[in-house]
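Once you've looked at the hints, dock chain H against the given chain V.
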Amino acid sequence: MQSIETMRAKVGMCIMFMLTLWLTPLLSETQVDNGPFIDSECIACHTERNPKLIEQWHSGRHAITHDVGCISCHGDQHDDSNIKARSDHTCKGCHEGAVSHSYTTSKHGVINHLEETEHGWRQPLQRGNYRSPGCSYCHFHDASHQDTMAQERGPEMRQWICSGCHSPRYVREQLANGERQLEIADLKVSEGERLVTTAAEDQSNTQRALRQNLIRHRKNVLYGVGHQSPDYQWWHGQPALDGDLIRIRDSLLQTYQQQLLSNSSKE
Amino acid sequence: MGYRTLAATLSGVAVFTLSVSAAYVIWSKGGNGSGLYSRHWSPDSVQGYWDPDNFYQPSKSVEGVFEATLCIQCHEGITPGIVNDWRASRHARIDEPVYCNDCHGSNHQQLHLPTPVVCGNCHEKQHGEFRDEARYGFPSHVLAMERAVDAPHFADKPKAEVQSCVQCHSVATKCDSCHTRHRFSAAEARHPEACITCHSGPPHPDDESYFASAHGKIYRAEGKDWDWSKKLVKGNYKAPTCAYCHMDEGRHQVAHKSLWKFGLREVNPHTSKNQLLREQWIELCSDCHEAKKAAQWLSELDRERKSAWAKLYRAEDVLKNLRSNDLLRPAADERPDYPMGSFWRMERIGFFEGQASAFYNVSALERDYFEMWYFDNLGAYKSAAHGNPQGVDEGHRRMAATLERIETKAQILRHRSETEQSVIANPAVTDLWMKGKYTDFNRTHN
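Going down the list, the sequences are from chains V and H.
Start counting the first sequence at 21; every next residue gets the next number (my numbering).
Start counting the second sequence at 54; every next residue gets the next number (my numbering).
With the rest of the complex left out, here is chain H:
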């Protein structure tokens, strides 16, 4: 058999495998839900409002075709709030106003909720920049909905419960997350508060860390007097806001200089590509600060990240060791399976490999690690990046405490396994994780 035959066979196999994989991905996206696990779930009825393109069904309550002032005449009485809001918007005040039907359609039986594509019909530049974010990968605004629905826990949990997720992740599917309807104000979106409905809480305390920083304090004290109609460029704002740094010059994407990313995986900040990104950050900080000083702050962030990952890796090692010795309870077969678990055995649900789904259906030690990784680590990171030293200390103190707890517990588990009877013989323990009102409900509701 010649070299040619071998090459032909190999390429044949490769083409076949690729086509089968592509066909599988297309097939898997064809279910009632959306995304990779779409065949494993059906949407909650409210999901159409968060992901209109995939799930919104127009209301059939009113018949007729309406345009411009006709819509307003009726809605002034029905929903006066939004009519007033629109009247105060730029849409209403320009020479050729943008009326309800321009975004929602005019046939009342076939109304739609405006998606970014609809807004992009006029706001082409902004929409283009927003879409462009996709090429930088995760984390990303434009890919946020995919990220949500492709998480194993989204497919697994009752759909009413995970509607909380898509409220924020709908930043990919609607523009009003930042420019709230029906005023759609650019000035509003420039304020840091425009971001905090999603960027707050344990995994991304961007609000806390920013407001505690010197930048945030200046904003809090003086921001009310600033002219928010001004563009996000050098000299216009005394202190930077979220948008000033992450969407500089009003660019509608936050990923182009994303260097340290979400903080869930370790990033090598010294690759040549990341060196270029670092220079962009330094240039931005130089709008107000000395470049040398900015470089120094960024190096401090590098050191903080390194120290966080040193702790996280130690904890991971301990847990991997426990798992390989079958000392973690519940083990994979002692807990309820994900709906798609029969195909992908969810060994990896636990602590490592970047699984955001590891907050439930795991052992207490893994949950401890999850909180260390997802809450304390990210809290420290955001504090370091936004200039809140107390937050850095707090995050590292908590990580160190959890690491110590994990190590102590691991020692006890190892000691017991060497010297004592295994607890798993007890039948009360074997199905401890398998039953319960919520656990049962969860297994039947996807």
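The shape of chain V in the complex, shown without the other chains:
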């Protein structure tokens, strides 16, 4: 015969076991069916669990302008879906060209490329968890689903994120210098725009193209500053803008020359 105590202990263990079985899916995400899921299913469940996160995503550019939903970054399988979304490769799938190349060649990008096998994107995107920031560490810091580097999130956010590794003064100085570099690029853009708009009423294709170059090269400075890529700040940025100004002036010179010629031929 079993003693009452043993019986009680066994019943207690049974109850605990049942409770554990019942609670596990609520406590741990890994027990969720692995999918595949579609966006509406993710949203249905996560609106209950992480309403803030869904709201952030809804109000961001991914949702509004680009129709980028959950599975675009997290994949359609539940297991390791965060690891997938944290990886630089996921972002680079869409963000190609200058924006991505400026990061890839930066020290941050290089370190992540060399060490991603080691860290495996397994840690949450929080201070101290990564040797070097990946795209997601800065732009979706602490699992925010609204770009944490966006202008509207304010300089304090950037200051906080970067100073997880760099001294507060270093971050302040770098960010301030970045602003100054962009102001300079803006001066070049407005110098060029003014030259183009004041001088020629009917803009030629050349001048339109030159104007496009100004915008593109100004963007390179922004990417260079944001991603700490000297090459995008410089050769793809400032001197490229200088070249645009030279060519805009030259095209104006050609226009004047034409005018002068046609006037003199009328006389």
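Bear in mind the hints are in silico, worked out from the structure with no lab data behind them.
Just to be clear, a hint being listed does not mean it is correct.
Unchecked claim - Some chain V residues judged to face chain H by a derived CB distance under 7 Å, without partners named:
(1) Val130
(2) Arg269
(3) Asp270
(4) Gln274
This one's a predicted model, so the numbers in the text were calculated from it and none came from an experiment.
We put the CB at the ideal spot given by N, CA and C, even for glycine.
Here is chain H on its own, set in the frame of chain V:
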């Protein structure tokens, strides 16, 4: 007057001239900035991080003297990233760890950023090799900061703008360009990616040309499985990386077998000195390849360079001719002057004489030449040196196209000047280059 008196007078004059020149150079380096034009500019506040020796001022925010674990206790909370990074480094794992204060000092009001000299206190051999590079002249890692600040455009442009330059050129003033802080890993620096933050982009597409080469392709496919703790010597790596060839045997300088140099001036590869360097290259390639084959590749590089310079000289001739006939607009007096322009009239800002500053404040034709010389020529050169034939073709195709454009435009300019009214009479044109939001800002901010 005897021969002796003449000799004495001449040596007197020589000594006087030399002393005056030396005094001038010392005086010119004594301004707010650094380098030869230091009196013409003041540093941007961020420059202290790129050139700590000259410009870093310690923060006065915290008082006290801290050492070893005391620093770590506090910084674990403030900057956890770097503490973790240091913990994973060799500095932390050796018997007598190298703590924060060993490199930064312990008085928090007088902290400093470690320069190569600080690293050299322990890494004597590496620091010695790094310093030794100076005797080979430019291009050079150890002279890179001087090169940046002594460029006329560095002195001229707003200092916030040219901070982009010193980020790479700080390879002379900090060791963490290649061994990133605070892990300072030798294995990291052996990877080609360690070089690409600076060695990429239009004037030095070392990354593109290497990754497109057979060597780079093997690295890309298999590099993840290689043992990067191994030394850069024969037999340790299946394909060479930047460091394997340029810093063979881990030597901390890249200049000792620099033969074709930066590619900005023509080099005679057949001088006896360069023949010796060529033999060193062939010996290195022979770690894997047949010596004969290596010699053949290097001759191909010679031919590529010759053909590039033939195009560049033709373009230069056209431009020199236009300038001597005053057909380039803006002419020297129609564009804003450099701050030091009153002393050195910057006629030479244009296309020739190796001026890296010729990317702005010049005529469109000169800018075309600049891109031909600085981007396409260097792109072709790096492609030839790193084994990317498509890059060579692309560079030469672009150079040929620019040359043709320059020649056509020159013909038009000459024809107009012979037959038509000069455009310069138009007042709208005379100050076309002198005004503008950036141009005005640039003239007042050095």
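Against the structure, the hints come out as follows:
1. Val130: Holds, because the Cβ-Cβ distance from V:Val130 to chain H comes to roughly 4 Å (cut-off 7 Å).
2. Arg269: Holds. Min distance 5 Å.
3. Asp270: holds (4 Å)
4. Gln274: Violated. Min distance 9 Å.
In this structure, only the earlier hint numbered 4 is contradicted, and the remaining ones agree with it.
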